[in-house]
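Okay, here's what each chain looks like letter by letter:
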Amino acid sequence: EAGVAQSPRYKIIEKRQSVAFWCNPISGHATLYWYQQILGQGPKLLIQFQNNGVVDDSQLPKDRFSAERLKGVDSTLKIQPAKLEDSAVYLCASSPPRSYRETQYFGPGTRLLVL
Amino acid sequence: ELKVEQNPLFLSMQEGKNYTIYCNYSTTSDRLYWYRQDPGKSLESLFVLLSNGAVKQEGRLMASLDTKARLSTLHITAAVHDLSATYFCAVDPAGTASKLTFGTGTRLQVTL
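Residue numbers (the working numbering), protein chains in the order written: chain A, 133 to 247; chain B, 3 to 114.
Just so you know, these hints were derived from the structure itself, not from any lab.
All clues stand as given, with none of them false.
DSS-like, lysine-lysine: derived pairs with alpha carbons at most 30 Å apart:
1) A/147 x B/43
2) B/58 x A/176
3) A/203 x B/43
4) A/203 x A/143
5) A/215 x B/5
6) B/70 x B/101
7) A/194 x B/101
8) B/43 x A/215
9) A/176 x B/101
10) B/43 x A/194
11) B/43 x B/19
12) B/5 x A/194
13) B/5 x A/210
14) A/143 x B/101
15) B/58 x B/70
16) B/5 x B/70
17) B/5 x A/176
18) A/215 x B/101
19) A/176 x B/70
20) B/101 x B/43
21) B/43 x A/176
22) B/101 x A/210
Generate the whole structure from the sequences, applying the supplied hints.
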């Protein structure tokens, strides 16, 4: 079974530029998550999708971050404009339907450096 | 606000020794997860603990959950170098396996 795919793996941009990350979850996984992991910290949930609807985006900085999951499969996370403090690893995770006994499966992450 | 604290934050131990990592959390939760993260890599699921008193073991690692004390432990038996990584616990107070709050992480270094 293929895992969660993310691209790009690395991105370096200057502050005030925009950037987008892509995630393809495990086939059949209805729930998709985006996390932000700052160096030395645990991941922090940014947004959760159930199919193509948003379940929780309470910790998403909506003035600069946006995310979508068209057709309930792939998802993109965008930052516009980026700030220095957005430097982090952005992790995508997915979990299967009726997943109350399941864990979340994480992708390899996109490492973002904002200069 | 839910707080999840791990200690120690950094642990250096010799091969063959035993040690325990602690995960304390501030709100009621019957579910807790342990993940492992190697440098530059993503998170790998280790254990899913679904009820009070749950105990799971895999190789040299054993995890337990005491929901009354709001405490989970990850015990390492006879450590080997391959266990060197950062270990995270994550709490799921809603019980839906969705909105996880992660701890600060414990960086484990096993020396020869």
